[in-house]
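Undergrad: If you want the building blocks of each chain, they are given just below.
Number of protein chains: 2
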Amino acid sequence: MSTLQGTRIGFIGTGIMGAPMCGHLMDAGCVATIHNRTRSKAEPLLARGAAWADTPRAVAQGADVVFTILGFPKDVREVYFGADGVLAGLGKDCIAVDMTTTSPSLSVEIAAAARKQGSWAVDGPVSGGDIGAQKGTLSIMVGGDDEPVGRVRPFLETMGAHIEHLGVAGAGQHTKMCNQIVIAGSMIGMCESMLYAARTGLDRAAILAAITAGTARCRSLEAVAPRILKEDFTPGFMVDHFIKDMGIALDESRRMGLDLPGLALVERLYRVASKLGHGRDGTHSLFLALQEILVER
Amino acid sequence: MSTLQGTRIGFIGTGIMGAPMCGHLMDAGCVATIHNRTRSKAEPLLARGAAWADTPRAVAQGADVVFTILGFPKDVREVYFGADGVLAGLGKDCIAVDMTTTSPSLSVEIAAAARKQGSWAVDGPVSGGDIGAQKGTLSIMVGGDDEPVGRVRPFLETMGAHIEHLGVAGAGQHTKMCNQIVIAGSMIGMCESMLYAARTGLDRAAILAAITAGTARCRSLEAVAPRILKEDFTPGFMVDHFIKDMGIALDESRRMGLDLPGLALVERLYRVASKLGHGRDGTHSLFLALQEILVER
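Listed in order, the protein sequences are those of chains A and B. Per this note's numbering, the first sequence starts with residue 1, numbered consecutively. Per this note's numbering, the second sequence starts with residue 1, numbered consecutively.
Hints should not be assumed to be uniformly reliable.
One copy or two, either will do: identical chains are not told apart, so a pair holds if it fits within one copy or between any two.
Keeping only pairs whose Cα atoms sit at most 25 Å apart, straight-line, the calculated DMTMM-like set for lysine to aspartate or glutamate is [what the hints assert, rightly or not]: (1) K135 with E222; (2) K74 with D203; (3) K244 with D130; (4) K116 with D84; (5) K74 with E157; (6) K135 with E109; (7) K116 with E78; (8) K275 with E109; (9) K230 with D259; (10) K230 with D240; (11) K230 with E109.
I should point out that these hints are in silico values taken from the structure, not numbers from a laboratory.
I would like the entire structure built from these sequences, with the hints used as guidance.
TA: In structure tokens:
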């Protein structure tokens with residue numbers, strides 16, 4: 001029997017990522033109380049036995065550990081600090097784990113506020129996308145004090161294959177920023193490469209096969225580029241969420257006295273993609289935006 | 001016994017890549033005549049039984065297939081079109097294979113000149129680096145007519161694990177450009193990420209482990225970034241050669257009416273790295289250049 005059997009947890013944000021993640025916790029025997037902005041998206045979990053709560057505060061009341069995975073930093077701020085927020089309901093010695101990709105500074109702020117009232121907060125953003133969430137193979141980047149991180153590790157292990165504790169509050173978010181900076185480079189490289197390939201008039205699938213076999217191999221080539229060739233731009237990961245992540249990374253960089261010209265360029269090009277109507281498409285729709293603005297007719 | 005046993009080949013350019021590649025051909029039973037700008041670098045192959053020739057023309061005379069892997073497009077032009085060049089010596093129906101990464105337009109020009117004199121030329125640039133050359137696991141991107149490509153395939157198979165025929169002359173080079181455009185994005189993303197990581201003050205090895213486990217995984221993270229952490233900037237692949245490749249890709253892009261802002265930025269930053277003295281260091285010394293110009297003290 002799982003050591004988590006019967007543990008009372010809360011889960012806020014049961015979307016594409018959150019729903020399967022919460023499902024893994026329930027599979028491990030956790031008793032879940034959940035909340036989501038759009039209730040309909042929570043229905044499959046409610047049908048499996050989760051309890052509904054009307055507010056983040058109500059979710060936190062009576063839960064030993066509360067997990068959140070939301071959209072933007074302003075959502076996180078509202079869900080934690082609002083009058084009906086998590087912190088208002090979180091009990092002494094209980095732990096909140098924010099798995100949203102958000103600002104390291106905000107994670108530090110939440111952890112300090114939690115500590116002040118005798119509870120704990122940990123940041124644990126993830127990498128691995130919807131497929132990783134479904135399979136429970138996410139990479140989870142954790143920041144926080146040793147005690148709460150040690151206590152939440154068994155929960156995180158139900159959702160992820162790689163749990164790395166990087167340091168104090170905010171360290172998980174900083175690590176996720178490092179991850180997104182790599183992805184930004186990888187996406188511009190892949191999209192410009194596919195644009196060049198298209199312009200040569202050669203067989204793009206053959207080109208893709210050849211370069212994927214060499215040192216350029218990466219997930220952008222293996223899993224994302226084939227979807228460009230199929231003209232399938234539905235999101236694995238959405239343009240507007242990526243813009244949010246890159247904006248945070250740029251803000252934090254400036255705060256640390258660091259200029260990142262590659263990241264700044266990619267963020268600007270993604271904002272163009274969003275303006276052109278691709279905000280809710282997959283991040284590979286950067287290809288369409290570049291094609292529209294960079295190719296001579 | 002290998003079907004290549006006793007075949008007379010020529011090999012020009014026996015450096016870090018060429019020496020092991022020529023070695024694989026000799027292992028397969030080819031009888032090699034070789035030439036290199038710096039003769040001392042050819043000594044190990046000569047000691048194994050290769051014959052020396054003083055000019056590319058002399059290499060080509062009496063060889064069924066000539067392989068070249070050189071530095072810059074001007075070297076390729078000289079080695080092929082010079083008075084003592086490959087084309088002056090290449091016999092009727094014999095084949096020259098240029099494995100240098102060079103301009104697609106130059107490959108087209110060489111193939112046309114070869115055809116005019118009744119011989120053949122094929123382009124076959126590679127990906128996989130010195131390790132791939134040593135292990136015979138290169139990815140080889142081939143452009144040329146079906147007949148000569150079919151005839152050289154058994155030779156290429158001694159050097160590479162993935163041989164992809166992409167189209168007519170120049171198609172191999174175009175594909176290599178697609179490869180280098182991806183690498184350019186990957187390198188700026190990885191270097192900026194490691195710069196951000198350094199600035200946080202967190203454990204960079206732990207950050208690298210965490211992000212390599214997720215969707216950012218790529219060769220730049222797995223094989224190159226660890227060398228930044230060890231402060232080992234010896235070249236696998238040299239900055240000045242990468243600048244050459246990116247310059248070709250930018251030229252060809254413009255010729256095709258295509259603007260590639262990511263590639264243009266990365267090329268510019270690498271030129272800064274070269275100016276700062278890293279021209280003969282590994283491509284990951286971009287990290288050092290960015291650190292010097294982008295971090296506030």
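Undergrad: What are the numbers of the hints that this structure violates, sorted from low to high?
TA: 2, 5, 6, 8, 11
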